[in-house]
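Chemist: Given the coordinates of chain A, work out where chains B and C should sit on it, guided by the hints.
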Amino acid sequence: MTEITPITLPKWGLEMSEGTVTGWHLNEGDKAEKGAELVDIETDKIVNAVELDQGGTLRRILVPAGETVAVGTLIAVMADASVDDAAIEGFISDYKPVDASFDPADEEKAEAPARDEPAAAPAKAVKATPLAKRAAQSSGVDIGSVQGTGRGGKVMKDDVARASGKAPERSPDEIRAENASVHASPIARKFANEVGVGLAGVTGTGRKGRVSLGDVQDAAIAAGLWTRPAPAARGALAPSAGPGRAGAEQPFTGMRKSIARALTHSKQTVPHFYTTMDIEIDALTDLRRSLNGAAEDDDPKVSVNDLLLKACGLALMKHPDVNVHVTETGITPYDQADIAMAVAIEGGLVTPVVRNVASRGLRDIAAEAKDLATRARDRSLTAEDLSGGTFTLSNLGMFGVRAFDAIVNPPQAAILAVGGPRREARETDGGVGFVSVLSVTLSSDHRAVDGALAAQFLSTLKELVEAPLKLVS
Amino acid sequence: MQQSPDQIRQAYRQMRLIREFEERLHVESPKGEIAGFTHLYSGQEAIAVGVCENLRDSDFIISTHRGHGHCLARGCDPKGMMHEIYGRADGLGKGRGGSMHIADLDKGMLGANGIVGGGQPIAVGAAVACKARGDGSVSVSFTGDGASNQGTVFEAMNMAVVLKLPKVFVLENNGYSEHTGASYGIGGDLKTRTEGFGIPVWEADGFDYFSVYEAAAKAIDHARAGKGPSAILATATRYFGHFEGDPQNYRAKDEVKTFRETKDALMQIRKKVTGAGIFTEEELDAIDDEVLKLIDASVESARNGPVPGADIMMSDVYIDY
Amino acid sequence: MAVLTMRDALNQALHEEMERDPRVIVMGEDVAGGSGGSSGNIEAAGGIFGVTKGLKTKFGADRVIDTPISESAIVGLANGSALAGMRPVAELMFADFVGVSLDQIFNQMAKFRYMFGGKAKTPVVLRMSMGAGMNAAAQHSQTIYPMLTAVPGLKVVVPSNPADAKGMMKQAIRDDDPVIFFEHKALYSKKGEVPDGEFLVPFGEADLVREGKDVTVVALARMVPFAMKAVDKLAEEGITCDLIDLRTTSPLDEETVLESLSMTGRLVVVDESNPMCSIASEIAGIAASKGFHSLRAPVQKVTAPHTPVPFARELERMYVPSPGDIEAAIRRVMEGV
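Residue numbers (the numbering used here), protein chains in the order written: chain A, 62 to 534; chain B, 1169 to 1489; chain C, 32 to 368.
By construction, these hints were calculated from the structure, which means they are not laboratory data. Only true hints are included.
Once the Cα atoms are required to be at most 30 Å apart in a straight line, the calculated DSBU-like pairs of lysine-lysine come out as:
#1 A/LYS328 with A/LYS318
#2 B/LYS1275 with B/LYS1332
#3 C/LYS222 with A/LYS157
#4 C/LYS244 with A/LYS170
#5 B/LYS1359 with B/LYS1299
#6 A/LYS92 with B/LYS1199
#7 B/LYS1421 with A/LYS92
#8 B/LYS1421 with A/LYS106
#9 B/LYS1199 with C/LYS222
#10 C/LYS260 with A/LYS170
#11 A/LYS170 with C/LYS264
#12 A/LYS157 with B/LYS1199
#13 C/LYS221 with A/LYS170
#14 A/LYS523 with A/LYS379
#15 B/LYS1425 with A/LYS95
#16 B/LYS1461 with A/LYS157
#17 B/LYS1299 with B/LYS1395
#18 C/LYS89 with A/LYS106
#19 C/LYS222 with A/LYS170
#20 C/LYS221 with A/LYS157
#21 A/LYS431 with A/LYS362
#22 A/LYS157 with C/LYS264
#23 B/LYS1431 with B/LYS1386
#24 A/LYS106 with C/LYS260
#25 B/LYS1421 with C/LYS89
#26 B/LYS1199 with C/LYS221
#27 A/LYS269 with A/LYS188
#28 B/LYS1247 with A/LYS157
#29 C/LYS321 with C/LYS244
#30 A/LYS95 with B/LYS1247
#31 A/LYS362 with A/LYS523
#32 A/LYS106 with B/LYS1425
#33 A/LYS188 with A/LYS170
#34 B/LYS1421 with B/LYS1431
#35 A/LYS215 with A/LYS269
#36 A/LYS95 with B/LYS1439
#37 C/LYS264 with C/LYS221
#38 B/LYS1386 with B/LYS1359
#39 B/LYS1275 with B/LYS1386
Same shape as in the complex, but just chain A (with noise of 0.2 Å):
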């Protein structure tokens, strides 16, 4: 055998770098067969026997007991004893131990990556984004060179792709890489990448320039990328709507199959409108306790829904061209008003309808509200008690709504929603007073009732409300 083989300090686990030789088995000299012991190598861990894993004759001995080196550095060399002492010598001379050393050089690194560190600023700037200059790095542009058209002249990715010749790529990732430098809302990009729209041409109408959503679903739908979605139907959506059903979907109820009918119906095909104002109730509220004081016990109790019910009576009165039905042919008036009040039952709501409001008194009409409503609730209601009502009343106060926009009942022409009273302070001669204040929405069919119309219709309701002695006379 003329083969040399080094015997170098072993590498005994993650840790160990470094070992100290505390005694040799063999002398020079000695041959051995494999798994005999040659030496034994101490860390700060364990000492172990290093075995042989081939026979031979230990030429030479490195490094003497106690001493510590590296793993790696040679310590011995095993050959055949035919082997001269030159080749022994030029073998140790010639040998380059591996660097198993875990510290990294003392010096720089001089192919170290880029650290974190603010980068020097260049004599010239160019000043162009980080995918800008990859690209002019990759496409050998010299970017000092290249007409920018971002943001003070900053140049861009697709400007480097046109000053190479090539026009800008468009593939997934490119756009991708291009949308990522483009001032956009987050949505706005991520739908960008998802249909395929370059965000650097399109105009941002969000605060400096941003792209919104918006912007960019124009822009595809225009690219032709894109076609908006028809709103899904309310009945339609989908079963895996996922965390947050609880239950598995109802079918409609034959009340609320009528209600979904003709609400959507009528908010799909009646054009609506609506006028808000504000009414003062104290004195309102001063007649409802008066009139209640002086009630004898078995009189029923006025409340400020009847007197509501009362004043709009007399404003439809007033105002005969909102007392009206609406259909597809025409306008049919009426000469008196019969007024359908909006009813929270369970599962649902019903109108029943108090009839002739404007020339009944108070009393009257407060008796026939309350056995409607009580009718109502115990589902005792016959269809002429809810038929033929030429205006709706529908009164969310008492749950403390401020106000609401209601939907016309056809062939109603109008429907008026009164949210709660409030304390508001008003400027009084020489200083502040507190007034209690309701403000009533009127929605009205446009086909026959106008701004103006539906204006007066409240100012008259307003004084009304405001001065209602009108209202028990």
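Modeler: Below, chains B and C without anything else, positioned relative to chain A:
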């Protein structure tokens, strides 16, 4: 379960390849050229090969920190692996991963894994993909006795059952979780635990290729047939320490020697195959020679392989950034 | 005073504290090792890095608990036993395994006291090895102290030498808050003088390792000896630096940094972690917000690059900030660019 001579030759070669790959690393490791952690699979060859010989190209496997055997059994290139273990720029992981992170996605090999128990949930995910593809593919995870005490493994098992996935759990009990005996660390037993999830378990002698092959065939067929996850429990030992350099003070001096002399997987397959007259000793020796030459060439090539530079360190952190 | 490796200094602290206080218990994978093995040696490992050696022999299996590989349950063990009155020292072996047990750390132990009306005490010490330098690759080499420093309720300790390691381990065990104790694996074998017996290092007090007038250099853990090399080399040329070893990142001794900065006007921060949201960025941020008028040059951060820790020797050496990188940063800050 009938196997053709070609299949058996292939299995023997794969086992020999793993054995020689690992034995050679055990010799090379102390020389200092190989950095970091090296966990060797010697002793458990029959398990990786017995399972992987049942797999199709479209299947997936995921491995552990002791991953060389699984990689080789799945057909990863030994030279590419050796280059990776030596930290070379042209290794399977470009020198960035090392012994503990060898992977080859082209081979459906989803990686060795440095986190004990980290691979099993990932393999469940691959099983979701197999099920979605509907081509009868399966996803196989190798799990040691140590990892089987990780919550991730229980979660993976339960999820695979709940979703009725084509997922095969290969539980390899080599007797030790790092430096602690498996008998100390495992409450109950691995078979009952797994069956507790409703997963059928086929047991095998992890030293016996034919035993593992049969168990794996049944378990994999079960999963392929859409009947939900299955498991193989195979027991063997590792011939070397938890990692190279482990002084193994927890082991009796002659434990490994006894296993090598009485149970060794290569010894067993040779005895069975020559005894049955399928191959002669000379035919198997020829395979051994070919494998040894391949390992020599791989080590020589890896020792002289290209050193990775800054460009390699700084790339592939993202696809695009 | 004895000269010990950091491994032995930590081991000494554990021995002393377990002797002093019977409530101190130790737990983790292979903290003793060997249970169930065929050799019958029930202390075959003493911790994979040898930090817990000799404890089981001396204090028994009830106080030195070998666990299965179940990181989440290991930290849970520490949490529950702490709430119930013990003073556990749990080992996670590698800091990377925080990933397996993060819930127990940042949702549970960090928040008990706050959520439970100030009544709970969680005197857990969670030890773990960290850091690049041994080619243990991407899942066994990370320095994740910035992540845990960001969690209110956790104290975070990053010793750079054997004496501090001992003094802070003893302090950590006696501290009533949960303490994450990061031990850099490349420092375990480094030697230094360690005071005998009772020796505590308080948390939140940085150490001024070198005094100078030109530049403030802030470092921690393994970066401290590296920075020392750079600072000492430059001192020969007449560039002198304050070198501050933070020792704990939570609590963080801002005052020492700002005071030094007010005298030097130049700041170099050295951190082995990835650059984003690192201790280096935190210190640079503090300088920008509280020391702005002292700054005479841009703050220089010396960190690892924004990549996982690579395996190959050549790559890992490139990854870890070197004494040369620190020296270059000090020169840059002196030039004011």
